[in-house]
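Hey, can you work out the whole structure from these sequences and the hints?
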Amino acid sequence: MTYQTHIRQMLQLPNVLAQTTGILGWLISVLINPFLSAGVPLCGWLAFGGMVGSCLTMATARRFVVWRLFALVFVLFEALAFRFQILQMGEPGQAWMIPMAIVITLGSTILFSHVLDYGIAAAAVWLLLFYGQMDLVAAMGLPLFVVMLGASLALGVLLNATFVRIVASTLELKENYRRQAETDALTGISNRRALMLDMEQVCEEASPSWYFAMLDIDDFKRINDRFGHDVGDQVLKEIATILGRHFPAGRFGRLGGEEFGMLLEAEDERYLAQRLQALLDDIRSNTSTGTCFSFSAGVARLAPGYQPSDLLKQADGELYQAKRAGKDRVHYRGGMICG
1 MTYQTHIRQM
11 LQLPNVLAQT
21 TGILGWLISV
31 LINPFLSAGV
41 PLCGWLAFGG
51 MVGSCLTMAT
61 ARRFVVWRLF
71 ALVFVLFEAL
81 AFRFQILQMG
91 EPGQAWMIPM
101 AIVITLGSTI
111 LFSHVLDYGI
121 AAAAVWLLLF
131 YGQMDLVAAM
141 GLPLFVVMLG
151 ASLALGVLLN
161 ATFVRIVAST
171 LELKENYRRQ
181 AETDALTGIS
191 NRRALMLDME
201 QVCEEASPSW
211 YFAMLDIDDF
221 KRINDRFGHD
231 VGDQVLKEIA
241 TILGRHFPAG
251 RFGRLGGEEF
261 GMLLEAEDER
271 YLAQRLQALL
281 DDIRSNTSTG
291 TCFSFSAGVA
301 RLAPGYQPSD
311 LLKQADGELY
321 QAKRAGKDRV
331 HYRGGMICG
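Position one of the sequence shown corresponds to residue 1 (our numbering), numbered consecutively onward.
Keep in mind the hints are simulated off the structure, nothing from the lab.
Some hints could be false.
[As the list claims (entries may be wrong)] Okay, the calculated beta carbon distance ranges per label pair:
(1) 179 with 333: 29 to 39 Å
(2) 170 with 284: 39 to 49 Å
(3) 137 with 116: 18 to 28 Å
(4) 134 with 41: 20 to 30 Å
(5) 246 with 303: 19 to 29 Å
(6) 2 with 106: 26 to 36 Å
[What the hints assert, rightly or not] No farther apart than 16 Å at their CA atoms in a straight line, the calculated lysine to aspartate or glutamate pairs in the EDC-like style are these:
(7) 237 with 259
(8) 313 with 200
(9) 323 with 216
(10) 327 with 281
(11) 327 with 269
(12) 221 with 233
(13) 237 with 282
(14) 323 with 259
(15) 313 with 216
(16) 327 with 216
(17) 323 with 233
(18) 237 with 216
(19) 221 with 259
(20) 327 with 218
(21) 323 with 218
(22) 327 with 219
Think of the CB as a built atom: it goes at the ideal place given N, C-alpha and C, for glycine as much as any other residue.
As structure tokens, then:
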């Protein structure tokens, strides 16, 4: 899962709730405001419409950049909507400028996935609310205004940065748990669960250029009995290393015990046989574990409507034939294609 996908999932509900609170807050304030005898001007309603439109855009946006941009747009429209309402109140509205600026500044901290975005939005809120209101700033005292501005911005940035860091840490923990759940502890490659997920994706593609090979180390029990389980473990690790060297795309894994599985994309059966022969030759010549070893394999080709279980069953049948025919070979469609 990418950071963008994760943060959208994490923030989707809080964002909707925060934006809905702002929308309802503006509507309710209009209804109960005793100083709006002349009503809200058209520009105020247009800004309110911008709030609603921005909220809907964020909720339905498919692209992360659009979702990220309209968080800023929403806050700008929110500041404008409250500015127009407060200005319509006349002198009584002056007392609401500072509180409203602080509420919007701090209330929008959870809308942003990047601190820079939040900083821009928060500064814009104060600029929009107090633009052309220097008399109000002078009346309250410039030093006090600067203190209120600086404190709210600093607190907002701190809250947003903390929130973003927590979200990023949550993603990191989730990814660590996912990797642990999908990684074979001994070899460090994909385990059966992860490989089955890859197989499901390939089956959904339904491309006939995909093949599944099931590998089984020949006479692995003899290796364990003669040289010990430590050497047997080293053999398993070496197989995983060699697979990674031959198939850097990484669509392979340990099915369990001495069995491995891998997904191969090949233009034709000849190319498939060449790749498997190269793998077989590399493993035969490997002596890093202090003992020679080889593998037998069965291959199944993806067909329309196939499920992972179909590939496993077909490849297992071919593997059984390879074992019966003398081991140290690869079988496909009832015959040896390399050995």
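Quiz prompt | Supplied distance hint 29 to 39 Å, evaluated on CB atoms of residue 179 and residue 333 | solution = 36 Å, holds
Exercise. Given the range 20 to 30 Å, decide if the beta-carbon distance of residue 134 to residue 41 lies inside it.
Key: Holds, since residue 134 and residue 41 (Cβ atoms, about 22 Å apart) stay within the stated range.
Self-check item: Proposed proximity, residue 259 with residue 323 (alpha carbon, max 16 Å)
Solution: 13 Å, holds
Quiz item: Do the alpha carbons of residue 327 and residue 269 lie within 16 Å of each other, as the hint requires?
Solution: 20 Å, violated
Exercise. With 39 to 49 Å as the target window, see if residue 170 and residue 284 comply at their CB atoms.
Key: 47 Å, holds
Self-check item: Pair hint outcome, residue 323 versus residue 218 [Cα-Cα no greater than 16 Å]
Solution: 8 Å, holds
Quiz prompt | Range hint 18 to 28 Å (beta carbons of residue 137 and residue 116) holds or violated | solution = Distance hint for residue 137, residue 116 holds at roughly 26 Å.
Quiz prompt | Pair hint residue 237 and residue 216, alpha-carbon separation not exceeding 16 Å | solution = Given pair residue 237, residue 216 holds - Cα atoms ~14 Å apart, limit 16 Å.
Self-check item: Pair hint residue 327 and residue 218, alpha-carbon separation not exceeding 16 Å
Solution: 7 Å, holds
Quiz item: residue 2 and residue 106, beta-carbon distance inside 26 to 36 Å?
Solution: At roughly 29 Å between Cβ atoms, residue 106 and residue 2 fall inside 26 to 36 Å, so the hint holds.
Practice problem: Starting from residue 327, check that the Cα of residue 219 is at most 16 Å away, please. | Solution: 9 Å, holds
Quiz item: Within a Cα-Cα threshold of 16 Å, do residue 221 and residue 233 meet the stated pairing?
Solution: 12 Å, holds
Hint violations for this structure: numbers 11, 17, all remaining hints satisfied.
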